[in-house]
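Assemble chain B onto chain A, guided by the hints.
As you go down the protein sequences, you meet chains A and B in turn. Quick note: the first sequence uses the UniProt record's numbering, first residue 1, plus one each step. Quick note: the second sequence uses the UniProt record's numbering, first residue 1, plus one each step.
In short, the hints are calculated from the structure, not lab data. Don't take every hint at face value.
Unchecked claim - Computed list of chain A residues with no C-beta within reach of chain B, every gap over 12 Å: (1) Asp37; (2) Glu51; (3) Lys63; (4) Leu65; (5) Glu91; (6) Glu119; (7) Gly167; (8) Ser170; (9) Arg188; (10) Glu222; (11) Asp236; (12) Ala254.
As the list claims (entries may be wrong) - Restricting the straight-line Cα-Cα distance to at most 25 Å, the calculated cross-link-like pairs of lysine-lysine (DSS-like) are: (13) A:Lys178 with B:Lys230; (14) B:Lys85 with B:Lys63; (15) A:Lys225 with B:Lys61; (16) A:Lys230 with B:Lys178; (17) A:Lys178 with B:Lys85; (18) A:Lys178 with B:Lys61; (19) A:Lys85 with A:Lys230; (20) A:Lys61 with B:Lys178.
What the hints assert, rightly or not - Facing chain B, a subset of chain A residues (Cβ under 10 Å, in silico): (21) Gly12; (22) Asp39; (23) Arg69; (24) Gly71; (25) Gly75; (26) Ile177.
Small disclaimer: the values here were computed from a predicted structure and weren't measured. In this text, a Cβ means the ideal position worked out from N, Cα and C, and glycines have one as well.
There are 2 protein chains.
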Amino acid sequence: MKIAITGKGGVGKTTLAGTLARLFAKEGHSVLAIDADPDANLASAIGIGPEVFQTLTPFSKMKELAKERTGAEDGYGTFFRLNPKVDDLPEEFCIEHAGVKLLAMGTIDQGGSGCVCPENTLIKRLMQHLLVERDEVVIMDMEAGIEHLGRGTAESVDALIVVVEPGRRSIQTAHQIKGLAKDIGIERVFLVASKLQNPEDLAFLEAQLPEFSFLGGVGFSEAIKEADMKGISLADGPLEILAQFITIKEALTAKLK
Amino acid sequence: MKIAITGKGGVGKTTLAGTLARLFAKEGHSVLAIDADPDANLASAIGIGPEVFQTLTPFSKMKELAKERTGAEDGYGTFFRLNPKVDDLPEEFCIEHAGVKLLAMGTIDQGGSGCVCPENTLIKRLMQHLLVERDEVVIMDMEAGIEHLGRGTAESVDALIVVVEPGRRSIQTAHQIKGLAKDIGIERVFLVASKLQNPEDLAFLEAQLPEFSFLGGVGFSEAIKEADMKGISLADGPLEILAQFITIKEALTAKLK
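One chain only, chain A, in its complex shape (with noise of 0.2 Å):
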């Protein structure tokens, strides 16, 4: 299955894709993570270090390596058609730690060198040619905001997982995603909530988000930001937190079945 997070930025789209990819890795599924936002660090929610992410070639230079591959300008397109399993991305792109295989798209090299549709464009064809096999997970950290949905880069994706904190903004910001991925044709949108701190938060989304369908959700902690700020992935933090992530997981592959 192909998973894309969403949601208003600071919400904890990467804590989640991160964790979720690892917990997937630990049944035995094989996963591939794409980290698709250019301000994001899934390498970190995953438990990658700095030392070992930087030896990794940011997946926008797939863009050369596909031109010269195939011969043509939109090389990528084609290199993806003729390549279309996860086993077939070269491998210097990718960084497997506890079976999680990273993907990332690469930070924005320099101010004012302009947008990055096309790495976004890059990504969307990668989504479109990626054959998925049964026991695979394909989890993608996308950017924050609505941005990426204007462009489709999550067009191809089996569901979309908005990410939603008890705040006015991160609400709106939920309503406009379930639109916009009705436009692009994206039927299944799932809801986590973070950063609950009591009881009235989760009762306070659950009726502003009524036509959503909850995974479940994950209280406010400080042991979240002290993991983040130390670079240590949830699937190696403490069991309390865990067991929350471990619910959201399972909630989501019983929906998708």
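Showing chain B alone in chain A's frame:
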């Protein structure tokens, strides 16, 4: 002066932009606030209710008007050259509230409809040509993350304020912003700390970001979350919180003198 506010998603950019705009207006400045984030709601942080905000024509529609009035394809370049003052902005694109004039870029109308690069070019042109008088203040709330710096949207601002919370990724974003800002020629990059839970948080940020000039900090507070949920501007909120924003505004004014 022209100021742009940026930072990782969810750190409090919009809250700072809206509150600063209101404070400068309270002091007698003529203030133009620009909402350049398709996923934010600067209106609400200024204290403009949704019923009034809905009457505003999104600034992205300016393209058509500019083409009509100038006859040129990239009509807005010409339009802003011919009409370079804040008062020249067509009234339908502006709402005024408590002395703040708001201009909103608009959101993404449809999934898969393309990127918002043309809208960003529009804002870039506006910022380039806008002549700002001595008593005028322009405050732009930028998109989360760093993509807009790749596109050079903030190229012509006098200062960039980066909002940062005590978290690794937020700090990482601040470092990236500093580098990208230098590339596009912005020398004055200031920092505002947010969501501080204790004095150690501020000390941690200062230690991690020694090359920045700090304007001040805002403590973590339930009252801020509540104001956001109710759509109340912090300029009309609790005084002990307002005081923190006043300190930031004073520091900014002093540094820009």
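To see whether the hints hold, each was checked on the structure:
no. : hint                   : verdict
1   : Asp37                  : 7 Å, violated
2   : Glu51                  : 15 Å, holds
3   : Lys63                  : 16 Å, holds
4   : Leu65                  : 22 Å, holds
5   : Glu91                  : 26 Å, holds
6   : Glu119                 : 10 Å, violated
7   : Gly167                 : 5 Å, violated
8   : Ser170                 : 8 Å, violated
9   : Arg188                 : 14 Å, holds
10  : Glu222                 : 8 Å, violated
11  : Asp236                 : 16 Å, holds
12  : Ala254                 : 27 Å, holds
13  : A:Lys178 with B:Lys230 : 23 Å, holds
14  : B:Lys85 with B:Lys63   : 17 Å, holds
15  : A:Lys225 with B:Lys61  : 41 Å, violated
16  : A:Lys230 with B:Lys178 : 22 Å, holds
17  : A:Lys178 with B:Lys85  : 39 Å, violated
18  : A:Lys178 with B:Lys61  : 24 Å, holds
19  : A:Lys85 with A:Lys230  : 34 Å, violated
20  : A:Lys61 with B:Lys178  : 24 Å, holds
21  : Gly12                  : 9 Å, holds
22  : Asp39                  : 4 Å, holds
23  : Arg69                  : 27 Å, violated
24  : Gly71                  : 27 Å, violated
25  : Gly75                  : 21 Å, violated
26  : Ile177                 : 9 Å, holds
The structure shown violates the earlier hints numbered 1, 6, 7, 8, 10, 15, 17, 19, 23, 24 and 25.
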